[in-house]
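Okay, here's what each chain looks like letter by letter:
There are 2 protein chains.
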Amino acid sequence: MESNGLSTQWGLAELHGSLTDPAISSMNLLNELIDEYPRAISMAAGRPYEEFFDIRLIHDYLDAYCEHLRRDRKMDEAGVTRTLFQYGTTKGVIPDLIARNLAEDEDIDAAPESVVVTVGAQEAMFLVLRTLRADERDVLLAPAPTYVGLTGAALLTDTPVRPVRSTENGIDPDDLVLQLKRAGEEGKRVRACYVTPNFANPTGTSMDLPARHRLLDVAEANGILLLEDNAYGLFGAERLPTLKSLDRSRSVVYLGSFAKTGMPGARVGYAIADQRMPDGGLLADQLSKLKGMLTVNTSPIAQAVIAGKLLRNDYSLVKANTREIAIYQRNLRHTLDALTRELGDRPGVGWNTPTGGFFVTVTVPFTADDALLEHAARDHGVLFTPMHHFYGGKGGFNQLRLSISLLTPELIEEGVRRLAALITARLP
Amino acid sequence: MESNGLSTQWGLAELHGSLTDPAISSMNLLNELIDEYPRAISMAAGRPYEEFFDIRLIHDYLDAYCEHLRRDRKMDEAGVTRTLFQYGTTKGVIPDLIARNLAEDEDIDAAPESVVVTVGAQEAMFLVLRTLRADERDVLLAPAPTYVGLTGAALLTDTPVRPVRSTENGIDPDDLVLQLKRAGEEGKRVRACYVTPNFANPTGTSMDLPARHRLLDVAEANGILLLEDNAYGLFGAERLPTLKSLDRSRSVVYLGSFAKTGMPGARVGYAIADQRMPDGGLLADQLSKLKGMLTVNTSPIAQAVIAGKLLRNDYSLVKANTREIAIYQRNLRHTLDALTRELGDRPGVGWNTPTGGFFVTVTVPFTADDALLEHAARDHGVLFTPMHHFYGGKGGFNQLRLSISLLTPELIEEGVRRLAALITARLP
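Chains as they are written, first to last, in my numbering: chain E, 8 to 435; chain R, 8 to 435.
Bound-form chain E, shown alone:
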């Protein structure tokens, strides 16, 4: 008999395998480390800029959505309150508004019935992977390095993720063909490939237009889905068409996030899954069935806040984020300029030059691991993210990710100065 309520058999080894996966343990370690040094300049957090946060906006967005229900949907007051207070439909209460936003900002023609509103893009990833993982043959492809949230969703669904080579032009379609062939030879069934064509997390890289077309061709020819994550697409000097807007064969499931463009605190995202099922209906209907068993529905109040932001900005998040886009572009320029100034002549030190998004990849000629991060935090007062965390601990030990989203030009200057001191001290 146990006094702590768990038998001795209940150690971590007896719980679900995801809990002890190196990828998850390392991210937890990383977060703890970062929490330990709250006064260091953080080029680690990929959170959106905070200057324009204002509690009154939440009230105003709620009002805007309620007005919309009364005026455009002709709801009486009981209908309006029921929409916000009561359980909502599993697919969400704002798919039509999301469809209008996608038409406005992304030239994506999404039928509202293909939209499933989710608790952030994270839940959408889980739902898609859970749907596609039927048995142990099923695998997912993803660029290496890749977003940790994708790794997490794969772990929760027991889905093996096989890496595809990633270059400064994003995921490599030729290596994708090779990996598809290999997986087939090994008796595996590739259901989908995860991609972030715009300003990817963690690398900051984007795919050019020919690479996008080639990727779509490969997906169509091989009967796999592309899971397109576009969390950062809005924040670019130049904006290329999303895969979904180019998709003529319904090869793309679009994973939408409002965390960076709407408000992280709403925790609202969505999937566009317009694939027709042989048995009738859309893939979105299957995602919705699983969502009903996972979170029932996304908070209508949270959806109302996002809807209100769309309604107050003519359905355009580009318009809503005019100031934020300028700030992220300014921060990116400042970061790249500071890197050139502080580290431009250091042998073996380099970085990529993204034209948008939140992230820059810096390469160094020594090991950049958690020990280095701890040293940087303690002795130099600067935080970054060791890139190996995005390789599941299997690579990237000479790279680090810098985030530019939450800082001011002054903090960027000082942060890069501190980073340069750290790096310079490590050079031979």
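Derived from the structure by calculation, the hints contain no laboratory data. Computed from a predicted structure; not experimentally measured. Cβ coordinates follow ideal geometry from the N, Cα and C atoms, glycine included. Incorrect hints may appear among the rest.
[Claimed, not checked] Residues on chain E that point at chain R, a partial pick, calculated with CB under 10 Å:
#1 LEU26
#2 PRO29
#3 ASP145
#4 ARG274
#5 PRO285
#6 ALA333
[To be verified] Derived DEER-like restraints, expressed as beta-carbon distance ranges:
#7 R:ALA428 to E:ASP79: 40 to 48 Å
#8 E:GLY191 to R:ASP61: 52 to 60 Å
#9 R:ALA20 to E:THR329: 14 to 22 Å
#10 E:ARG77 to R:ALA20: 43 to 51 Å
[Stated by the list, open to error] Sample of chain E residues lacking proximity to chain R, with all beta carbon distances greater than 12 Å (derived):
#11 LEU40
#12 GLU193
#13 ARG221
#14 GLN336
#15 ARG337
#16 THR374
#17 GLY400
#18 GLU417
With chain E held as given, fit chain R onto it using these hints.
Using the frame of chain E, we list chain R on its own:
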């Protein structure tokens, strides 16, 4: 090459097994059927009463929480806006307020660090089952009939659920002992047993105090967890102590819901998991790690709405629901009185007599399946839930569930009259 974007291999049979499980298919069918007859009197929906919904309450609750952050947490305005707008901690921003509520209403002494705020109790169920399902030996026990959300979470985590006999005194501890023995003999590892001691969904039954103590003893002696779902506990004439408040060996994980007592539209629930892990920390920390990969965090805005309701009512949901409790009690009495009046002398027809909650079980001497429901909806204008949906289609074909929560006395009278006409016409 396919024009619909999914290869022919992508039929339902090639997707995750949960999508074609009889339990889920039948619930979907049921919902479609109910949607088809919107003008019938619905004794099917278990939604909370709507009369006191008021949009202004959402604004007021948000204000109350912001005031709390300023006054009690000494936050400046940037801190307040950051708390609501930005990503929050995975375990949630209101565990301390939930702990105060549990102390106030349920005599449960929960450390804030043992609380994980979730997207409804549904996500809490998923997290617990995902954590506990390490390999194919792991099984869950649950009363038959049981809540469909539990069945759903089990399907998503590939966890087999083995039934335990349920009586008018709730789950039967003696049958639990028997099922534990059988599972062990078959090489299975029972991790937990799901229970709803107060006014269970779907049956309406409750456990008496000796049965609660006996259940705790069985759990402790066998080293299994009890997953206590208390969604309806507040709505009783008499309120017995929760298992968690009686738990001296940390055998109970408490699954909390604010859907009925707070506001369904907030989609906020929680788990209390104060079990100490042999490797350090609490079971709550493991749930939180999985939540970070599933939904990242529960919307702080949604949490703020629930927090505001707690703050405006001295942390007591009993106080906040004074009017609702009276209405549910009145509706239950009206339903039982109407059943006696309309069906009291019909041979083979019976029902239980819950003293609280939303549900009554009616037993009939003929098959009460979806065909009967369709007939009831079309020809009698009344909706109920065939009980077999809560047995995974494996039993309960002579029972139906009546919900009393969303109706007025007039609708209850008329609904039961229509139901009586249907039943009487079927009697020999």
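State the violated hints by number, sorted upward, taking the hints as numbered earlier in the document.
Per hint list: 2, 6, 9 violated.
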